[in-house]
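In our numbering, the protein residues as written are 7 to 410.
To be clear, the hints were calculated from the coordinates, so they are not data collected in a lab.
Please note that the accuracy of each hint is not assured.
[Unchecked claim] Cβ pair distances, simulated, as ranges:
id	residue 1	residue 2	range
1	L59	W165	18 to 26 angstroms
2	A41	A387	20 to 28 angstroms
3	D338	A237	19 to 27 angstroms
4	Y161	L59	18 to 26 angstroms
Predicted model, so just to flag it, every value in this text is computed and none were measured.
Even for Gly, the Cβ is constructed at its ideal location relative to N, Cα and C.
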Amino acid sequence: MAAVSTLRCLRRRKGVNGARRGAVRWVLMAVGVGALLWVPPLLEEASNRPGNLAKLVDYFGDPGATTLGLREGVELRLVHLDLWRLAAGDVLSDRSLVTGSVLPGAVLRLAWAGAVVIAWRLRHATLLRLHLVLAATLALSAVSMGRIIGEAWYYLSLWAWGIGALLAVAVGWTLGILLARASAGTGRAAPAPAWALAGVGVAASLAFSSAAAGSEVLRPDLEAIVGELVAPTAEALASRPGGNEERFLVTWTDELHLGAQGFALLNELARKGFEVGAITRYRAQATGYRVLEPAQATAVVHLAAGTHRVEEWRAKPGVEEVATVDERTAGDRSQYDELQSEVVEGLEDADLSDLASRVDQNAFAVAFDPRVPEPVRVKLARMRTMPWPTAVFVGPPTSAPATP
7 MAAVSTLRCL RRRKGVNGAR RGAVRWVLMA VGVGALLWVP PLLEEASNRP
57 GNLAKLVDYF GDPGATTLGL REGVELRLVH LDLWRLAAGD VLSDRSLVTG
107 SVLPGAVLRL AWAGAVVIAW RLRHATLLRL HLVLAATLAL SAVSMGRIIG
157 EAWYYLSLWA WGIGALLAVA VGWTLGILLA RASAGTGRAA PAPAWALAGV
207 GVAASLAFSS AAAGSEVLRP DLEAIVGELV APTAEALASR PGGNEERFLV
257 TWTDELHLGA QGFALLNELA RKGFEVGAIT RYRAQATGYR VLEPAQATAV
307 VHLAAGTHRV EEWRAKPGVE EVATVDERTA GDRSQYDELQ SEVVEGLEDA
357 DLSDLASRVD QNAFAVAFDP RVPEPVRVKL ARMRTMPWPT AVFVGPPTSA
407 PATP
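Use the sequences and the hints to build the structure in full.
Right, here's the structure in full:
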C-alpha cells in the first residue's frame with residue numbers, strides 16, 4: 007500500500023515544478039531511516055544462532071498450539087473498539103484476559119462506515135485516504151488477533167485500543183467537513199474543525215500527562231516483598247568466603263506471578279554488584295549477558311514463593327534459608343485453606359481431578375485452564391491476590407531446580 011501510494015503521488019506531482027524532486031527526496035529519506043532501523047535486528051540475526059528473526063519464523067510457522075482463529079479475532083477486534091472503556095482506562099478484566107461486549111465496537115464500526123459513505127459523496131480525497139488506511143488497519147488487526155496463540159492476554163493487544171480512537175477522529179473529522187460545507191452553502195460562518203481538533207489534541211495530551219503522573223506499580227505488594235528480601239540476601243552473599251570470585255545462579259519457583267519476583271531479585275542483586283545470572287531459558291528476559299550455566303555457578307540463589315515451595319526448599323539438604331517474608335495473619339491462613347478446599351472440591355465435582363492435584367503447586371496454570379468453571383476461577387483469582395510466604399535460599403549448584 008505504501009509503495010502504490012508513493013508511485014501515485016509521484017505521478018500526480020510530475021508536472022509540478024520541483025515537487026517531484028521533493029517527493030523523491032522524502033521517499034529516499036524514509037527508505038534510509040527504515041534501513042537504519044533494521045540494522046540492529048539484522049546484526050543480531052547474523053551474530054546469534056538462532057537469531058530472533060529465525061525464532062519468530064520457527065515459532066509462528068509451527069507454534070505447537072492452536073490460534074484463536076479469525077472469528078475470535080474479529081470479536082476481539084470489536085471489543086477493543088469500546089471507546090467508553092478506553093476513556094475510562096478500563097482496558098483490563100479481573101482475569102487479565104481481554105473480555106467484554108462487542109456491541110459498543112459494532113456501533114462505532116457502523117458510525118465509521120457511515121462516515122466513509124459521507125466522505126465518498128463529498129469526494130474528499132484526504133478523508134478517503136484516511137478511511138482507506140483505517141479499513142486496512144481493521145482488517146489486518148483482526149487477522150493479527152486471530153493469530154494469537156493460547157489465551158488472549160491483555161498485553162498482547164494493548165496497541166489495538168488506539169485504533170478505536172482513530173476511528174472516532176475519522177468520524178468527527180468527516181462530520182466537521184460535512185458541516186463546514188453545509189454552512190458554506192447557507193452563507194453562515196463555517197466551523198473551524200482544525201481548531202476543534204487542536205483543542206481535542208491538547209485536552210487529550212493534558213489528560214494523558216495527568217494520568218501518567220499518577221501511575222502506580224502494578225503490584226506494589228510484590229515489590230514490597232522483594233524489597234524486604236534483598237538486604238538480608240545481599241548480606242548473606244557478601245559474607246561467603248568466595249568473595250568476588252562467586253558466581254550466583256538465581257532461580258525461582260513462583261507460579262502465581264510468572265517469576266516476577268525472581269526477575270526483580272536478579273536485577274537487585276546485579277545492581278548491588280554481585281555476579282548473577284539466570285538459566286538459558288530466560289535469555290530473552292534477562293538478556294544474553296545475564297545468562298549463567300549451572301556448571302559455571304559457584305552457588306544457587308533460589309526464591310521460593312508459596313507454602314508448598316517454601317516447605318519443599320526447607321527440606322532440601324545443604325541449602326540455607328537467608329531471608330523470609332510471611333505477612334499472613336491467622337485469618338489469612340484460614341481463608342486461604344478454606345478457598346483451597348472449595349477450589350479442589352469444585353474441580354473434582356467438574357471431573358477435573360488432574361487439575362485438583364495441582365492447585366497447591368501451580369494455581370496460576372489451573373486458573374487459566376479453559377475447562378475450569380467460572381465460580382472456581384473466581385476463587386482461584388482470590389487465592390492469587392492473598393499474601394503468602396516467600397523465602398530466599400542459598401545452596402550448592404546441584405540444588406538448582408530442574409525447571410525453575
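Given a hinted range of 18 to 26 angstroms, is it respected by the beta-carbon distance of Y161 and L59? Holds, at about 22 angstroms.
Please test the hint of 20 to 28 angstroms on the beta carbon pair from A41 and A387. Roughly 47 angstroms apart at Cβ, these two residues miss the hinted range, so it is violated.
Hint check for A237 and D338 - Cβ pair distance inside 19 to 27 angstroms: With Cβ atoms ~24 angstroms apart, the hint holds.
When you take the CB atoms of L59 and W165, is the distance between them in 18 to 26 angstroms? Holds - the Cβ-Cβ distance for L59 and W165, about 20 angstroms, lies within 18 to 26 angstroms.
In this structure, the one hint that does not hold is number 2.
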